[in-house]
Amino acid sequence: MLVFGTPRTAVFAHLDSIGFTVRYGRQLVRIGGPQVESGYRLVGHDAQGDVACTLAVDDETGELSYEFTRDIERGTELTFACDFRETADTVQSCYLDNRLGVWNALRLAETLEHGILVFSCWEEHGGGSVAYLAKHIYETYGVRQALISDITWVTEGVHAGQGVAISLRDSLIPRRSYVERIRQIAKAAGIPHQLEVEGGGGSDAKELQHSTQPWDWCFVGAPEDHVHSPDELVDKRDIASMLALYQVLMREL
Amino acid sequence: MLVFGTPRTAVFAHLDSIGFTVRYGRQLVRIGGPQVESGYRLVGHDAQGDVACTLAVDDETGELSYEFTRDIERGTELTFACDFRETADTVQSCYLDNRLGVWNALRLAETLEHGILVFSCWEEHGGGSVAYLAKHIYETYGVRQALISDITWVTEGVHAGQGVAISLRDSLIPRRSYVERIRQIAKAAGIPHQLEVEGGGGSDAKELQHSTQPWDWCFVGAPEDHVHSPDELVDKRDIASMLALYQVLMREL
Amino acid sequence: MLVFGTPRTAVFAHLDSIGFTVRYGRQLVRIGGPQVESGYRLVGHDAQGDVACTLAVDDETGELSYEFTRDIERGTELTFACDFRETADTVQSCYLDNRLGVWNALRLAETLEHGILVFSCWEEHGGGSVAYLAKHIYETYGVRQALISDITWVTEGVHAGQGVAISLRDSLIPRRSYVERIRQIAKAAGIPHQLEVEGGGGSDAKELQHSTQPWDWCFVGAPEDHVHSPDELVDKRDIASMLALYQVLMREL
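Just so you know, the sequences run in chain order A, B and C. The numbering of the first sequence is this note's numbering, which starts it at 569 and goes up by one. The numbering of the second sequence is this note's numbering, which starts it at 569 and goes up by one. The numbering of the third sequence is this note's numbering, which starts it at 569 and goes up by one.
Hints were generated in silico from the structure; no laboratory data involved. Hints may be right or wrong, so weigh each one.
Pairs count within a copy or across copies, as identical chains cannot be separated in the list.
Derived EDC-like pairs: lysine to aspartate or glutamate, alpha-carbon spacing no greater than 20 Å straight-line [as the list claims (entries may be wrong)]:
hint, residue 1, residue 2
1, K804, D793
2, K703, D784
3, K755, E641
4, K755, D614
5, K804, E654
6, K755, E820
7, K804, D657
8, K804, D651
Values in this document were obtained by computation on a predicted structure and should not be read as measured data.
The whole structure should be built from the sequences, with the hints applied where relevant.
Pasting the structure below:
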């Protein structure tokens, strides 16, 4: 948690990644909700050394396992092997969700005068750190405005290259007056953005919505294609507008 | 939140309504769990003015959309059009859940000497205000007894016209000793009531049950037929016994 | 809640049981997730006296009801009839989950110098007491290390008789550094134990993981066969190693 000046707003960026835990035999169980496809390359580490194995999905049962030259120790965590690809217009890699949200927070730090940057954990797997961080922030600094620096989905209504998404709702519904203020600031600043409306999905905001403090929150993030796969793809224009919007919002909210 | 005298018990009545959010194209996503039927009349407001449209449900996919003379702006909230019907014995309208719970709290206010009336939000859509209101109440007033002023379901065990329902459980189970006290008070006062036992459903009590304070809670409310539709129907005798029971409970609990 | 000396770690053992609530007519609804089989003997008590009835499961619909000589009052709670069986090697009964976890905590109390023993409720049915107990413990004693004294499952990876299970994860994932410390202590002490990895299931730790305090937690408990039935079966060696491990952990954590 980084505190700058006299904060009015906190930015939440989660650090954790989706993946797999080694169970018994060659079984795997999910961490969060990764896409699965036979042949995905996975990496990890156990007491016998580094692991670079392959995901296998049973066609009939959907059960997950790994293929490797040796058994991997029970409880070992595996993540997608990183294959970072960059073009003039895009970046592509596993875990842009939420390395980009973290990158956005770090870039924001370069010029931030007033605000709090929060790096959270367990977002992909039921939550677990935002509840106590939010309580600490509210009780220590009186801050109850939040922005969720995370990555969302390219859909039929949110397109790559058309700007950062301001989410009007996902599985939860934020306070309308707060989201309206954000929309007005984005509009006045002339920053390209898109409005997102989803019936599902969630973020660190779940813990804020259910917290024992009266937080206002809004998810503001670039959209990606190939969500939760090793091939997450984001348009650089959306990354740029995400950072630009956060810079304005942290000044004006 | 209204505080009267030296409170021992808080009444929670939620203000929010089920409905729909306009997504992309003519798609709708649900707010809470509304009944859906093609032809239901919906109303709302966007920057272009008032909206009075019609719900359409795809027979094959169940997907929701609207029919209207123009496109409605993304993120606009739509609710059932109100068609209030009253007979000598009944009232019928959308949103008796929870306008009647709110009405009950307001009528209670006319004679209340000691107690707290809480008007909450997000009850229909995952919660979000009771957690911090409950913390504030407990820490400020030491109150940890709650009554949930909300509307329940007519079922094979709870019938219209036979009195307010005291719920022994829904998806959650309240502390038995507290519910027993309420049953004894209702019985001693000779107020018509019914005992409800459900395996599902929930209320503002979910946030109390999971709160960081040791709340006791009980759902006490009239039953309705045609739940979460534009045609919610309640027997006036059940409304009368609901108010009568709250008046006694707020004196004696 | 029992507090010994200068506590660093709290042990949570839940007191509540799975079972059934009498609904309308002869219907039953579940408390928690009991196994159901026609013929299971159930016991309870209502205003008319003791109840000893039989569970019936509809083959077609799965609906639950009871068979008894009279109607049982609405809202009555029924539990499995206890048939306690002991051999040289095993104990078998309903509710070893979590009578054994409670037994473990009570035996631990005989020699405990520093620590907190917490007896919780609603663990089997969505939780409801750990959130406020955890807050009280953290704010009063500064304790944020937890052990979950509960019973887990015999599976293809966790076998009866091979020692207490240390759970590396269930539906939730505890902080790895804390679980590693526990593994090291168990190994150094030479106490037989097994490592568990599950994708589902939960415990009192759910409320700790989502609490407004930064708790570390780990589930440490003997495995049982015939989970949530009247025939829960546990190997005495696993009970012995459970108690032995708790005694060491409460000294060394």
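Consistency of the hints with the structure:
no.: 1; hint: K804 to D793; verdict: within (13 Å within a copy, 53 Å between copies)
no.: 2; hint: K703 to D784; verdict: both (13 Å within a copy, 17 Å between copies)
no.: 3; hint: K755 to E641; verdict: between (53 Å within a copy, 16 Å between copies)
no.: 4; hint: K755 to D614; verdict: between (50 Å within a copy, 17 Å between copies)
no.: 5; hint: K804 to E654; verdict: within (10 Å within a copy, 59 Å between copies)
no.: 6; hint: K755 to E820; verdict: within (13 Å within a copy, 55 Å between copies)
no.: 7; hint: K804 to D657; verdict: within (5 Å within a copy, 64 Å between copies)
no.: 8; hint: K804 to D651; verdict: within (17 Å within a copy, 51 Å between copies)
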